[in-house]
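Enquirer: For reference, the chains in residue letters:
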Amino acid sequence: MSALAVSIGTLELKNPILTASGCFGYGLEYDEFYDVAELGGICTKGLSLNPRAGNPPERICETPAGMLNAIGLANVGVEAFCREKLPILRERGVTVVANIFASSVADFVTITERLNRETGVAAIELNVSCPNVTEGGIEFGKDARMCGEVTRAVRAATKLPVWVKMSPEAGNIVAVAKACEDAGADAITAINTIRGMSIDIEQMKLRLANRTGGFSGPALRPIALRIVWEIAGAVSIPVIAIGGISTTRDAIEFMAAGATAVQVGTANFADPSAAKRVLDGLRAHCEKRSIDVKALIGAARG
Amino acid sequence: MSSPVLPKRRLATLPLMRRESIGGLYHVLTFEDAEGTLALPGQFTMVRGAEWGDAPLLPRPMSYLTAGNTPSILIKVIGEGTLRMGRAEPGEPFTLLGPLGQPWRAPSPGRRAVLVGGGVGIAPLLFLARAFAASGQRQPIAIYGGRTAKDLPLDDELTALAELHITTEDGSRGTRGRVTDVLKDLLGPDHEVFTCGPDRMMAKVAELCASRDVPCEASLETPMACGYGVCLGCPVPVTDGGYLYACMQGPCVDARRVDWSRGDHAPKKGVTQLRTKS
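First to last, the protein sequences are chains A and B. Under our numbering, the first sequence has 310 at position 176, and the numbering climbs by one with no breaks. Under our numbering, the second sequence has 41 at position 50, and the numbering climbs by one with no breaks.
In short, the hints are calculated from the structure, not lab data. Keep in mind the model is a prediction, meaning the values are calculated, not measured. Hints may contain errors.
Not everything, but these chain A residues come out facing chain B in the computed CB check (under 7 Å) [stated by the list, open to error]:
| id | residue |
| --- | --- |
| 1 | Glu163 |
| 2 | Ile194 |
| 3 | Pro198 |
| 4 | Ala199 |
| 5 | Gly351 |
| 6 | Pro352 |
| 7 | Pro356 |
| 8 | Ile357 |
| 9 | Ala390 |
| 10 | Phe403 |
| 11 | Ala404 |
Ideal placement from N, C-alpha and C gives every residue a C-beta, glycine not left out.
Start from the sequences and build out the full structure, keeping to the hints where you can.
Expert: What follows is the structure, given as structure tokens:
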């Protein structure tokens, strides 16, 4: 039995496989498929202070080996999450990372304070990189100073580990990651989607009502890998990788680039058991080679 | 929601048993399922070739045409995914996630069912008509429309199951015009309508039913990535504001709930890659 546990700062995860925010609901839609508590953790749909209905349709479209989404952070709001979703997750022993979103530093802090009152939240992941909302979102994530400011404020407001989810659209993403580290972040999550576009040439109209949408899926993987490599080489806190991870091979590739853990995102759509499949394969890989999973972290960096 | 306890969902890799090319761009794909698919009429499945690799990436939402040990779907070749389905050979493995979504509601006692379909929208209506026949219910009326005589897949199967009225826009078969041209003359106060087809058609059917105070159930079609409630890609505007999600709260819904005037969910004819009904 190989060891699969990894540490993200003070938080120990039973294994390095998580699910990405926005691709796994609230982790309660999987009863028929597998026990979500087996995963290293789940990142919730982005939680805002108040419920959000989201963007008008069309919200999604497929692209070669990928997809665009402009959901617009439709979510139940932090209060309903704490009352209706979290108690079930807690009882099931699921490691819950609360992904939170706000359009002001003050609201980020208010949401954090609400989560402080609950048990069963393992970490907070700051979504400073949503490409599909008009306020906040990516505007925080593109700017090292603003991103540091949000991180510092949330850091001061909670004892929970704070992860910051990077936008690939930051001019200097390494500088943004370092600013978050300096501001007290416990980990960097990279990357969120990158804005893309698609046109229906029969009707000569944009496929998404929001015009642009976040691009995700396997086609994004090499870009994400390059960014994870760069950030992992520049910060001393753990990096949690996302970007088109669909198989165990992909997870190992990102860990070899320096990620301590990975998040499975878009792959959950086609296969609800995708994250479990990646985990089972990773366990088999480590057992076959009699290695601790931690040996994979940065293995390709020389 | 008025639906009964829904059958358990599962993700199964099933071999294609046969593909029947039924003319034009239409095919019926039948899969071999030893365990058995417990789908109810109106429910759907997310279908993807098990060997497609990274593209096409997403499964395609398809209404069940039949269930049991030989679940089947009706497809129209409109994009990359359906193109591959339309070329698939027996033995080729597919993943089917299902049964998903809300089935057609149970028919109201004392009302005669009127099935109003267009194109591949006929699939969940045929499934319903077969269920009516199997349970010994009164034969429904069916109004089935297409642009031309070539756009009426599986019309022969419907003949045996319903009092069938055909419409074509070019008059090449049946009544020249649209399904609503027939429905408006035929619809009675003790009828109950079940409709599936293009949004514009369903919007007109819903409007007609509402004006006559006749119940109308619609099977919605939108793009979706997951089919089980997490991608949130399938919102449909509702009359009391906000959205319902076609995958979980639909695809079959009371047509009065839908805000048909907000046409921003209207289907993009012939080019949408992700569709609920082929």
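Enquirer: Where does the structure disagree with the numbered hints, that is, which hint numbers, in rising order?
Expert: 7, 8 and 9
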